[in-house]
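Chemist: Chain by chain, the residues:
Protein chains: 4
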Amino acid sequence: MKKIGVIGSDGLIDDKILYIAEAIGADIARRGMALLCGGRGGVMEAACRGAKKAGGLTVGILPSLDKSQANKYVDIIIPTSLGYARNSIVVSAPDAIIAICGSAGTLSEIAMALNYKKPVVLVDGTGGMAEEVSKIRFDAEYAGLVHHAKPSDAVEKAIKLIL
Amino acid sequence: MKKIGVIGSDGLIDDKILYIAEAIGADIARRGMALLCGGRGGVMEAACRGAKKAGGLTVGILPSLDKSQANKYVDIIIPTSLGYARNSIVVSAPDAIIAICGSAGTLSEIAMALNYKKPVVLVDGTGGMAEEVSKIRFDAEYAGLVHHAKPSDAVEKAIKLIL
Amino acid sequence: MKKIGVIGSDGLIDDKILYIAEAIGADIARRGMALLCGGRGGVMEAACRGAKKAGGLTVGILPSLDKSQANKYVDIIIPTSLGYARNSIVVSAPDAIIAICGSAGTLSEIAMALNYKKPVVLVDGTGGMAEEVSKIRFDAEYAGLVHHAKPSDAVEKAIKLIL
Amino acid sequence: MKKIGVIGSDGLIDDKILYIAEAIGADIARRGMALLCGGRGGVMEAACRGAKKAGGLTVGILPSLDKSQANKYVDIIIPTSLGYARNSIVVSAPDAIIAICGSAGTLSEIAMALNYKKPVVLVDGTGGMAEEVSKIRFDAEYAGLVHHAKPSDAVEKAIKLIL
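Residue numbers (this note's numbering), protein chains in the order written: chain A, 1 to 163; chain B, 1001 to 1163; chain C, 2001 to 2163; chain D, 3001 to 3163.
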């Protein structure tokens, strides 16, 4: 089963971003892919909720051993005890990554994804690192992995990059 | 969704052990639990095959980034790049662990599971670490986590320890 | 013993950058601090060489188990088998980080350092991520951790941030 | 610089064990090797104290980001945020391992050391896993890595296994 990783802000974020994340989660499920994420709140929770409403499968890689930290839409909770180092697995495991908003943790995941040669789709109009990263000029070997898409096209774009 | 981890020998092992592992994988699926393992061959592959034949869900945490290392019965492949350090996640993620045969890698997983306060069921008659570990006297805080069961009772035992 | 982490490009880089890295390594040693890095070539090797010429102590956290991957100026080689996930330790271990040039790996380290609330000094004029990251607007909780310095002031700046 | 890893019980242990650990730490330093350990109390602290009294260098790989968890005899503190998964690095980094007493954490380190093909010296008369592991029959590929020694011979034995 192919997997798409969704990365982005934990915690309180505005409704527009949550709506986008939920719609992307639903798109992932409708396309028959599993959604993998860091398992927590904010963008991760909204995306998982969208995937579950659309009948999909969700996987959450938690920083701690405490399963109760997972949002309630995660089917397969993977508690790790690795702290932020779990970010490495959040992007090594999926076939492609979609970034929505996000802060320093999301930036570490985008950069790690490039190390792992995973395609990354930055979702336009969501702010945070999904937009800030556009300003960075990467070396040729990484530049080809960084893509942009409107919210409604993000999953389609990610799937094209996988296949 | 509750998860049971199956740990044990990779590589060539005898048919009796593979038969036991497959039956245990099937029991896990029939009880409505996900099977989580290291994703590779031997005991892991046999258990995943059993789970899939019984309609279950399987998760494999791989040591490398190479998805092709997973056996073909793994639904959710989690490539990690962590090498043997991925053993830590193989036992931090499930709710209980079943050990079948196994060598040094399996021993590291049993010991790590105890660190994480996870119950471990050693399957009688499968040799390797699943039997050797019985010789060890653990401190009281860990001794209560180590259990034994016949192959046909292993999943039932693990489930009782979770619930 | 306080430690300063030096992060930046592996592999072939131009002499000007190597000269800067070597001088920074020497400054770290002269200030009585240990130099910690990813243990490999390029900026890491030049910085370690500078530190050793100045009588310092160097630590290298390697991605693999193969000690021969370390540059010859590393005193304490820490082979890990964690692949790129070792980047997390390269920045969790030091008290402050100095970034010289660098590509996606360096970006992941800068972002991880911010997650760990470690101050990061980006060295002006060295190109790569040490300059590109300046374009990113971070949230307030991280923005205060990102600093800039001329090559000759980088270690002084890092030390002020530690003390 | 060659490194010997010392593993064993954290927390309260009896004076005889602490005396042995301190003497072994001192022997490591006198032989010109660095001592690497998990950085915490008990056997680790006693061994580091011995190494420092004898003028040696000590490295501690901590489970958390909190440097204050290190015992006061650690020169190079490596905070990791990896929790028990840091045990993997405690044994991947040294050239040989000496086990003194110890519980489940020590057992995970002994087993991981064998995965990494590192020689392990179990110190006679110290109880805990350093003795319990003797009961286990390992496969041929690992059995040759497991050694026994009196406290006064442990470092000499480890050094012979490295060279």
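None of these hints come from the bench; they were simulated from the model.
Note that the structure is predicted; figures quoted are calculated from it, not measured.
We put the beta carbon where it would ideally sit given N, CA and C, even for glycine.
Just so you know, not all the hints are guaranteed correct.
Unchecked claim - With a straight-line Cα cutoff of 25 Å, these simulated DMTMM-like cross-link-like pairs (lysine to aspartate or glutamate) come out:
hint	chain 1	residue 1	chain 2	residue 2
1	B	K1053	A	D75
2	D	K3160	C	D2066
3	B	K1135	D	D3124
4	B	K1117	B	E1156
5	A	K72	B	D1075
6	A	K16	C	D2010
7	D	K3003	D	D3066
8	A	K67	B	D1124
9	C	K2135	A	D139
10	B	K1003	A	D75
11	C	K2002	D	D3075
12	A	K135	C	E2156
13	D	K3150	D	E3131
14	A	K117	C	D2075
15	A	K135	C	D2075
16	A	K157	A	D124
17	B	K1016	B	E1141
18	A	K72	A	D15
19	B	K1067	A	D15
20	C	K2135	A	E132
21	C	K2117	D	D3066
22	A	K2	A	E141
23	B	K1117	D	D3010
24	A	K67	B	E1131
25	A	K2	B	E1141
26	C	K2160	C	D2066
27	B	K1003	B	D1124
28	D	K3157	C	D2010
29	B	K1160	B	D1015
30	A	K157	A	E132
Said to hold, decoys possible - Derived, one-sided and incomplete: chain B residues facing chain A with beta-carbon distance under 7 Å:
hint	residue
31	M1001
32	L1065
33	D1066
34	I1076
35	P1079
36	T1080
37	S1081
38	S1092
39	A1093
40	I1159
Chemist: Now, for every hint given, state plainly whether the structure supports it.
Modeler: Now the hints, each set against the structure:
{"no.": "1", "hint": "B:K1053 / A:D75", "in the structure": "21 Å, holds"}
{"no.": "2", "hint": "D:K3160 / C:D2066", "in the structure": "20 Å, holds"}
{"no.": "3", "hint": "B:K1135 / D:D3124", "in the structure": "18 Å, holds"}
{"no.": "4", "hint": "B:K1117 / B:E1156", "in the structure": "19 Å, holds"}
{"no.": "5", "hint": "A:K72 / B:D1075", "in the structure": "21 Å, holds"}
{"no.": "6", "hint": "A:K16 / C:D2010", "in the structure": "41 Å, violated"}
{"no.": "7", "hint": "D:K3003 / D:D3066", "in the structure": "24 Å, holds"}
{"no.": "8", "hint": "A:K67 / B:D1124", "in the structure": "30 Å, violated"}
{"no.": "9", "hint": "C:K2135 / A:D139", "in the structure": "16 Å, holds"}
{"no.": "10", "hint": "B:K1003 / A:D75", "in the structure": "10 Å, holds"}
{"no.": "11", "hint": "C:K2002 / D:D3075", "in the structure": "9 Å, holds"}
{"no.": "12", "hint": "A:K135 / C:E2156", "in the structure": "29 Å, violated"}
{"no.": "13", "hint": "D:K3150 / D:E3131", "in the structure": "12 Å, holds"}
{"no.": "14", "hint": "A:K117 / C:D2075", "in the structure": "32 Å, violated"}
{"no.": "15", "hint": "A:K135 / C:D2075", "in the structure": "38 Å, violated"}
{"no.": "16", "hint": "A:K157 / A:D124", "in the structure": "13 Å, holds"}
{"no.": "17", "hint": "B:K1016 / B:E1141", "in the structure": "34 Å, violated"}
{"no.": "18", "hint": "A:K72 / A:D15", "in the structure": "19 Å, holds"}
{"no.": "19", "hint": "B:K1067 / A:D15", "in the structure": "36 Å, violated"}
{"no.": "20", "hint": "C:K2135 / A:E132", "in the structure": "8 Å, holds"}
{"no.": "21", "hint": "C:K2117 / D:D3066", "in the structure": "12 Å, holds"}
{"no.": "22", "hint": "A:K2 / A:E141", "in the structure": "24 Å, holds"}
{"no.": "23", "hint": "B:K1117 / D:D3010", "in the structure": "17 Å, holds"}
{"no.": "24", "hint": "A:K67 / B:E1131", "in the structure": "30 Å, violated"}
{"no.": "25", "hint": "A:K2 / B:E1141", "in the structure": "41 Å, violated"}
{"no.": "26", "hint": "C:K2160 / C:D2066", "in the structure": "36 Å, violated"}
{"no.": "27", "hint": "B:K1003 / B:D1124", "in the structure": "21 Å, holds"}
{"no.": "28", "hint": "D:K3157 / C:D2010", "in the structure": "38 Å, violated"}
{"no.": "29", "hint": "B:K1160 / B:D1015", "in the structure": "28 Å, violated"}
{"no.": "30", "hint": "A:K157 / A:E132", "in the structure": "20 Å, holds"}
{"no.": "31", "hint": "M1001", "in the structure": "5 Å, holds"}
{"no.": "32", "hint": "L1065", "in the structure": "6 Å, holds"}
{"no.": "33", "hint": "D1066", "in the structure": "11 Å, violated"}
{"no.": "34", "hint": "I1076", "in the structure": "6 Å, holds"}
{"no.": "35", "hint": "P1079", "in the structure": "5 Å, holds"}
{"no.": "36", "hint": "T1080", "in the structure": "5 Å, holds"}
{"no.": "37", "hint": "S1081", "in the structure": "5 Å, holds"}
{"no.": "38", "hint": "S1092", "in the structure": "5 Å, holds"}
{"no.": "39", "hint": "A1093", "in the structure": "4 Å, holds"}
{"no.": "40", "hint": "I1159", "in the structure": "17 Å, violated"}
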